[in-house]
Every structure is written in structure tokens, then in C-alpha cells.
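Asker: For this one, chain A is given, so just place chain B on it according to the hints.
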Amino acid sequence: MGNWKTICLAVLCAAISTAYAADLQAPAQVTAGTAFTIPTSGSGDRTFYLVGPSSVVKKSVKLGSEIEIAADQVHAAGRYVAVSCGSEGCSSASFYVVSGSPAKVSFLLHPSRVPVTAHDAINATAFVFDKFHNPVLRPVEVDFRVVPKAGPAFTKSVKAVQGVAWMKMSPTPKEGPVKIIATIGSNEEPRIIRQVASDACNLHIKARRTAKGVEVETDPVKDCRSNSVPDGTVVSFTAVDSNGKSTVDAPVKKGVARTELPITGKAIISVASGVVTGNEIRL
Amino acid sequence: MKWTLDFWGNARRHAILTVSILIAMVISLAQLFHALPADSLPQVKLNADGIAPRPIEELTGHNVTRAYAYAWRDLAAASESNRADLLNDYFTGFAKDNLAERIADQRRTGVSIRYIDHGHNVKAFFYSPDGGEMQLLDNAQLEIAILDGGKVVHQETVAQTYLVLMTPGADRWYVRSLDPVNK
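Chains as they are written, first to last, in the working numbering: chain A, 1 to 283; chain B, 1 to 183.
Any given hint could be a false lead.
Claimed, not checked - These stretches of chain A come out as covered by chain B in the derived footprint (C-beta under 8 Å, 3 or more residues):
| id | stretch |
| --- | --- |
| 1 | 49-62 |
| 2 | 156-164 |
To be verified - From chain B, some residues computed to sit far from chain A (all C-beta separations above 10 Å):
| id | residue |
| --- | --- |
| 3 | K45 |
| 4 | D49 |
| 5 | A69 |
| 6 | D89 |
| 7 | T92 |
| 8 | G110 |
| 9 | G119 |
| 10 | G132 |
| 11 | N139 |
| 12 | A170 |
| 13 | W173 |
I should point out that these hints are in silico values taken from the structure, not numbers from a laboratory.
All figures in this text were calculated on a predicted structure; none of them were measured in a lab.
For every residue, glycine included, the Cβ atom is placed at its ideal position computed from N, Cα and C.
Only chain A is shown next, with the shape it has when bound in the complex (with noise of 0.2 Å):
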């Protein structure tokens, strides 16, 4: 009889212990940086244990007491794991903690540079965080502000999908540079694009006889939206005359090409650049 009572003792103890060991109540969901409790219940000393995507955290407890969770314990977001543990064993809950509000955007911007009539060249996108760098997956507007050099500034606002937004945009007419702000909240991240003209468009030469030849000289080379095209730009400039086809690359400086050909009779020069020809001239 008298063993009876002892095992139903230590089966009580057992179950006893069991209840207080189950007994770690932890939120179901935190916000990232936000401060707060864990009520226990029961007696004793125990180990504590949160195992987070960034730290881990261990400390002596006691039970019947609030276990307090710092701020920075819990920056990062995800799934996090509290264990309790004692002479008894261990118990554990889990928890996740979401990204708080939309802080900061980090912003990439391709390319660096464009040409005027690069349709759909442009690729901006964005990253939406909270103040600890934890992405912000609910959507959220991001909105694009572009400033052109010349003309009106605009915003394309994009709704961010698990975390990012993004969009493409054709470059705007004129050459130069072209601001990209992307903005949430009173977070900006500018970036800036430099634009520049397209392909040549009107080749058109002139010629003069010197007493080595024969000088030739483009108008201003320009694209087809009249931007001035870069200097370095390569036009090639092809003479045909009794002595067959000769053919000079000049690059373009301060907006012109020239060269000299050494022609004294009848020849005819022609100029190109790229894929685009220009006028002939017959001398």
C-alpha cells in the first residue's frame, strides 16, 4: 500500500513538473525593435534560451516572474524560439517577429548611361525596409520621381510585392542628365542617369580645296532629336578618285569632325558614321 502512495507521489510530482515546464507563454507575434514579456508560472531557478535570425540570447531565470525581452534582442525579424529548462527538462515556444514601419528604400538604378531613344531602358528598383534593415513585405507604395534637365519632373508610383518595386521607363527626349528619386515616406534615395544622344541623323559635309587637298568638315553632328552627339564620336569620311577609295575616321570634337584628303583631281567624297550615311560631294 505503502508503495502505492509513493508512485502516485512521484507520478503527481512528474505531471507537476511537466505543467510548469510547459508553462512558457510567449506572444504569437512582436513587432521588430518593440520591447516585452514573458509571463511564467510556477518556482524555481531555470535557464532561459531565444534563439533568433541574429542572436541568442541566455539568461538565469526565475519562474513566477515576467522574463523581460529587450529591443535589441529582437531587431531582426523571423521566427524566433524561447526555451525554458530546469532540472525537470525544457520547454519552448515560438514566435515570429514582423518588420516594422517602412524606413528606408534602397534603390538600384541601371544603366548609368542611355541613349535618348533606348526604348524601355531604364530599370529602377527598389528594397522597402524598416529602421532595423528587415524588409517590409506588406505592400506599400514607392513612388519613382523623375527629373529631367529639360522639362517637367513626373512620379510613377509602384506598389512594392514582397518588399520590392520596380520599373522600367524609356529615357526622357533631351540628353543629359535625369534625376531618379525613389521615395517612401520622407526616406529618398536620388540617383541619376546620364542620358545621351542617339545614333547621328542628317550627316551633312562641306569641302574646300587647300593647297595639300582637300578639307572636309561635318555641319554639327546631332541625333535625330537634335542632341548633339558626344565628341569622340567616330565619323568615317571615304574619298574615290583616279587612284581608287581611300577612308579617314575622324572623332567628333566640340560637336564637328574634319579632316584633310589628299586629293588634287575629280573624286567623290562621301562621310558615315555608324550606320547612318550622309551627303556626297562631287569635286
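Answerer: Frame of chain A, contents of chain B only:
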């Protein structure tokens, strides 16, 4: 006649011995390969059917899958051995910083984390037009054990979703962000 019998008896013994040694070698090699962690890359299945705005090239898909598998292998090894240097090959940015921070805490507290990886179903959903970033959702099947001084204090099997950002480097893709999310 006796010589003949001895000869056939010896030959049979030699044949049995040779076959036994070969069988033993095959079994040992199989066990050795099974035990080597380098050969036990986590299984990663990539589904890029709904990826936008840029389609994924086949080779890129293979490279991303391989890099992600290696990243998880390294994460498991680093978390169990408390060595942040094991994260150098496939992690960068916030993913690396966060994991390195946790491993520093693990070293300080004597805690280690053991992952037994049962595979990853990864869905790639965003690939930027310039090819500079890829976002993925990973449904991972993991057994996680938290150990303090070698003693298991918590063990669980979880199906965990991760939001992953990967970016290309000079010769491989890197995990730049690895965020467990509540789905």
C-alpha cells in the same frame, strides 16, 4: 588426383576470399560516401515558372540552385561549429551579417544549432530586368536542434518559409538576404 583436388579446393577458397573482400570494399565505400558531409548537399528544387519581369536562363537556374544548396550546407556547418568564416563563400550583405552576429552570440553563450536539412522547394518570383537581383520564396523542411554545451535543449521539425534575395558575383550567386517569414 589429390593434387587436382587440392588445386580446385585452393582456387575455390581464393575466389570466395576475393569476392568477400570486394563486397566488403563496396559496402565500406558506400558507407564512407554516405557519411561524408561534403557529398550531402541539401536538395533544392527551383521553380521559376512565374518569374518576372525577366525570364531566367537555364544556366542561371542551375547556378542559383547550386549556390543556394551550398549556402545551406555552409549555414548548417557554421551554425553547428560556431564558425562564421564558413559563411564567406555563398553569403554576403545582411544575410551574412545577421548569421555572423548570431554565431558570435552562440560562441559567447556556448549554444550551437544543428540543422538536418530535408530539402527546399524554391519558387523564384522576381528577376530584375538588368539581371542584378533575384528574389525567391523557399519552403524548407528542417529539423532544428538547439544545443547548450552539446546537450540538446530543444528539437523540432519545422516547415519554414524564407524570403531570399540573391545577387550575382564574379563567379557565383550569393545569398544577400535570408529572412524567415510567417506564411
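Asker: Each hint: holds or not?
Answerer: Tested hints:
no.: 1; hint: 49-62; verdict: holds (count 9)
no.: 2; hint: 156-164; verdict: holds (count 4)
no.: 3; hint: K45; verdict: holds (20 Å)
no.: 4; hint: D49; verdict: holds (17 Å)
no.: 5; hint: A69; verdict: holds (20 Å)
no.: 6; hint: D89; verdict: holds (20 Å)
no.: 7; hint: T92; verdict: holds (14 Å)
no.: 8; hint: G110; verdict: violated (8 Å)
no.: 9; hint: G119; verdict: holds (18 Å)
no.: 10; hint: G132; verdict: violated (6 Å)
no.: 11; hint: N139; verdict: holds (14 Å)
no.: 12; hint: A170; verdict: holds (18 Å)
no.: 13; hint: W173; verdict: holds (16 Å)
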